[in-house]
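**Student:** The lines below spell out each chain.
Number of protein chains: 2
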Amino acid sequence: MEKELSKLMGFRPEIKVVDATLRDGGLVNDFYFTDEFVKELYQTNVKAGVDYMEFGYKASKELFDVNKFGKWKFCDDDHIREITGDNNSPLKIAVMADVGRCDFRKDIQEKSNSPIDLIRVACYLHQIPAAVEMIEDAKSKGYEVSCNIMAVSNAQEADLKIALETIAKSPADILYIVDSYGSIYPEQMARLADIFLNIAAKYSKQVGIHAHDNQKLAFANTIECCGDGVNYLDATYASMGRGAGNCSIENLIGFLKNPKFNIYPVIKFLEEQMAPLKEQCKWGYDWQYLLTGILNQHPRTAIAYTKDNRKDITNFYKEITSES
Amino acid sequence: MEKELSKLMGFRPEIKVVDATLRDGGLVNDFYFTDEFVKELYQTNVKAGVDYMEFGYKASKELFDVNKFGKWKFCDDDHIREITGDNNSPLKIAVMADVGRCDFRKDIQEKSNSPIDLIRVACYLHQIPAAVEMIEDAKSKGYEVSCNIMAVSNAQEADLKIALETIAKSPADILYIVDSYGSIYPEQMARLADIFLNIAAKYSKQVGIHAHDNQKLAFANTIECCGDGVNYLDATYASMGRGAGNCSIENLIGFLKNPKFNIYPVIKFLEEQMAPLKEQCKWGYDWQYLLTGILNQHPRTAIAYTKDNRKDITNFYKEITSES
Numbered sequence: 001m002e003k004e005l006s007k008l009m010g011f012r013p014e015i016k017v018v019d020a021t022l023r024d025g026g027l028v029n030d031f032y033f034t035d036e037f038v039k040e041l042y043q044t045n046v047k048a049g050v051d052y053m054e055f056g057y058k059a060s061k062e063l064f065d066v067n068k069f070g071k072w073k074f075c076d077d078d079h080i081r082e083i084t085g086d087n088n089s090p091l092k093i094a095v096m097a098d099v100g101r102c103d104f105r106k107d108i109q110e111k112s113n114s115p116i117d118l119i120r121v122a123c124y125l126h127q128i129p130a131a132v133e134m135i136e137d138a139k140s141k142g143y144e145v146s147c148n149i150m151a152v153s154n155a156q157e158a159d160l161k162i163a164l165e166t167i168a169k170s171p172a173d174i175l176y177i178v179d180s181y182g183s184i185y186p187e188q189m190a191r192l193a194d195i196f197l198n199i200a201a202k203y204s205k206q207v208g209i210h211a212h213d214n215q216k217l218a219f220a221n222t223i224e225c226c227g228d229g230v231n232y233l234d235a236t237y238a239s240m241g242r243g244a245g246n247c248s249i250e251n252l253i254g255f256l257k258n259p260k261f262n263i264y265p266v267i268k269f270l271e272e273q274m275a276p277l278k279e280q281c282k283w284g285y286d287w288q289y290l291l292t293g294i295l296n297q298h299p300r301t302a303i304a305y306t307k308d309n310r311k312d313i314t315n316f317y318k319e320i321t322s323e324s
Numbered sequence: 001m002e003k004e005l006s007k008l009m010g011f012r013p014e015i016k017v018v019d020a021t022l023r024d025g026g027l028v029n030d031f032y033f034t035d036e037f038v039k040e041l042y043q044t045n046v047k048a049g050v051d052y053m054e055f056g057y058k059a060s061k062e063l064f065d066v067n068k069f070g071k072w073k074f075c076d077d078d079h080i081r082e083i084t085g086d087n088n089s090p091l092k093i094a095v096m097a098d099v100g101r102c103d104f105r106k107d108i109q110e111k112s113n114s115p116i117d118l119i120r121v122a123c124y125l126h127q128i129p130a131a132v133e134m135i136e137d138a139k140s141k142g143y144e145v146s147c148n149i150m151a152v153s154n155a156q157e158a159d160l161k162i163a164l165e166t167i168a169k170s171p172a173d174i175l176y177i178v179d180s181y182g183s184i185y186p187e188q189m190a191r192l193a194d195i196f197l198n199i200a201a202k203y204s205k206q207v208g209i210h211a212h213d214n215q216k217l218a219f220a221n222t223i224e225c226c227g228d229g230v231n232y233l234d235a236t237y238a239s240m241g242r243g244a245g246n247c248s249i250e251n252l253i254g255f256l257k258n259p260k261f262n263i264y265p266v267i268k269f270l271e272e273q274m275a276p277l278k279e280q281c282k283w284g285y286d287w288q289y290l291l292t293g294i295l296n297q298h299p300r301t302a303i304a305y306t307k308d309n310r311k312d313i314t315n316f317y318k319e320i321t322s323e324s
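Order-wise, the sequence lines are chains A and B. For what it's worth, UniProt numbering labels the leading residue of the first sequence as 1, then goes sequentially. For what it's worth, UniProt numbering labels the leading residue of the second sequence as 1, then goes sequentially.
Just so you know, the hints here were simulated from the structure itself, not pulled from any lab data. Any given hint could be a false lead.
No copy labels: a pair is met if it fits in one copy or bridges any two.
To be verified - Result set (DSSO-like, lysine-lysine): computed pairs, CA atoms no more than 30 angstroms apart in a straight line:
hint, residue 1, residue 2
1, 278, 311
2, 202, 47
3, 278, 307
4, 282, 311
5, 268, 311
6, 111, 318
7, 311, 39
8, 141, 111
9, 282, 307
10, 268, 111
11, 282, 318
12, 282, 268
13, 111, 16
14, 268, 278
15, 61, 278
16, 202, 141
17, 260, 318
18, 257, 202
Just so you know, these numbers come straight off a predicted model, no measurement behind them.
Take the sequences, apply the hints, and build the full model.
**Tutor:** Shown next, in the form of structure tokens:
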């Protein structure tokens, strides 16, 4: 497969930057962002030329206690409207809905009544039929829809292809590669992108990438995908996201050549909002995440290690490689 | 060019890992490492299967005040011997000698009298004739010799090819790509590697890569090169190195498949030696380095910003993009 990156000294106008700061970053602070932060983030995204802003999850209020999380875990349409007003901007609004953790029939309104543009349906490979049901529901209500297949590094290639064919036959618009464990190397990412892009092309779908920074490869994997033809690129301010975090939007905007993207508002937001936030909560690349990434493990052990302020990385390595 | 990475599920035994912690890291702490640190580093490298350990510079004692730097800026043979004894190990010993900043005729002994195996001659593109003189001197004394061409991101391709032909005709064994500004993206790195590898193949030379982490791409660029056929891979513990630092050896050892490499001693050294060192001095990826990297500028402004503990990244961006 021929890289398209060289062509970016021009640029590919189809490329969309998706800011996932509130959603993936919300996993760090239980979605307790101040309204000021969210308003500034929205304004910054508009100024920076970002294409989508993901506000958070549409999580089930049956399953999750609304008193134990900030409002962006639930993303009521009214809360979004308080930030965006009528959203007179080219910035589109996204939310994520997890298979099995969302009362989508009740909580997702008709698009005509909602400020949301894109519903991102997140699922594991074994949940594809349930994902298709949600995709069909969201599409029938009038939304753009993506299907974000998590933990793709653990998928058998044959299973993945069957799943992708199934989703590609559904009304979903975008198929997302999600490197949940941050364990994928760029060349492997190129092979995955190839699989996704081939099936997507057959059904006229788009492909997206959501990377994690366990091995400091989130940005590298994102631009690898970009060069391969993936158009939807997830990123977050200061890499804020669960565990090792994501591809940073400052890296990505600094890389993309489309003049609609502006790095200055991004830098300003980093200084004014992200630097103080970094004092309050912890995320980002560190040794414990590298180790779970290398081992292709879920980062939950590394997140617990971080939360406990542990420094005994040698013991941690023994724990996560023990056979008991 | 076809990537070789896939073949690494086997591995390429020609791949050499070069630990540059003392040399590039010495630029962070003026080479004031404790003897205990250096001894532990040496032992760790032996256990981890690292191929070369760079001890520091052979800097001119005329140009630099020996009282203002730790001993690894000068790398007297006797000081190396105090660490390595007779070095009864497969680990080879390297030092760097900068063109114009080294009294090489006087300070570099005959190999038969020295613990050093590899002399790394560092130069800018306009210093090639002086580099060749040093290469010839070191080779005639019996050493392996590399030529490390710095700031390659600023080179015109035509100039670079002439320089590489000149060095390839010299007795140097290894031609090194040095991304001094951390500004090169993996696809550009692949193109550079191609240029280096083609000329190297013609003259039966090896190629090396020394990356910087300004855009969090040091590891990605290193494994890009590795996949392209570059065999000498520089890395440092915890990425320790000037400014944004280098490709981390923990990432690299975690990636390489040759069973001679062991990550456990690396992790142990991180906990016991690098974690305390990180409390004392500052290096590594941060926004100021990202910005000089994106702009393909020397990181000296970002290093000064870091030293001054500045947090006004917005002003910094204005400064480095101002035309005055």
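**Student:** It remains to establish, for every hint, whether it holds in the given structure.
**Tutor:** Going through the hints against the structure:
1. 278 to 311: Intra 19 angstroms, inter 13 angstroms, cutoff 30 angstroms: intra and inter.
2. 202 to 47: neither (35 angstroms within a copy, 51 angstroms between copies)
3. 278 to 307: Close inside one copy (15 angstroms) and across copies (20 angstroms); limit 30 angstroms.
4. 282 to 311: both (14 angstroms within a copy, 18 angstroms between copies)
5. 268 to 311: Close across copies (11 angstroms), not inside one copy (33 angstroms); limit 30 angstroms.
6. 111 to 318: neither (50 angstroms within a copy, 42 angstroms between copies)
7. 311 to 39: This pair counts as between: shortest inter-copy Cα distance 23 angstroms, intra-copy 37 angstroms.
8. 141 to 111: Answer is within: at 6 angstroms inside a copy they meet the 30 angstroms cutoff, but 77 angstroms across does not.
9. 282 to 307: both (8 angstroms within a copy, 23 angstroms between copies)
10. 268 to 111: Answer is neither; intra-copy 33 angstroms and inter-copy 54 angstroms both fail.
11. 282 to 318: Both: 24 angstroms inside a chain and 29 angstroms across chains, each within 30 angstroms.
12. 282 to 268: both (21 angstroms within a copy, 23 angstroms between copies)
13. 111 to 16: within (21 angstroms within a copy, 57 angstroms between copies)
14. 268 to 278: Close inside one copy (15 angstroms) and across copies (28 angstroms); limit 30 angstroms.
15. 61 to 278: within (29 angstroms within a copy, 44 angstroms between copies)
16. 202 to 141: Within one copy only: 25 angstroms inside, 63 angstroms across.
17. 260 to 318: Answer is between: at 20 angstroms across copies they meet the 30 angstroms cutoff, but 48 angstroms inside does not.
18. 257 to 202: Result: close within a single copy only, 28 angstroms intra versus 36 angstroms inter.
Going down the numbered hints, you'll see the structure goes against 2, 6, 10, while the others check out.
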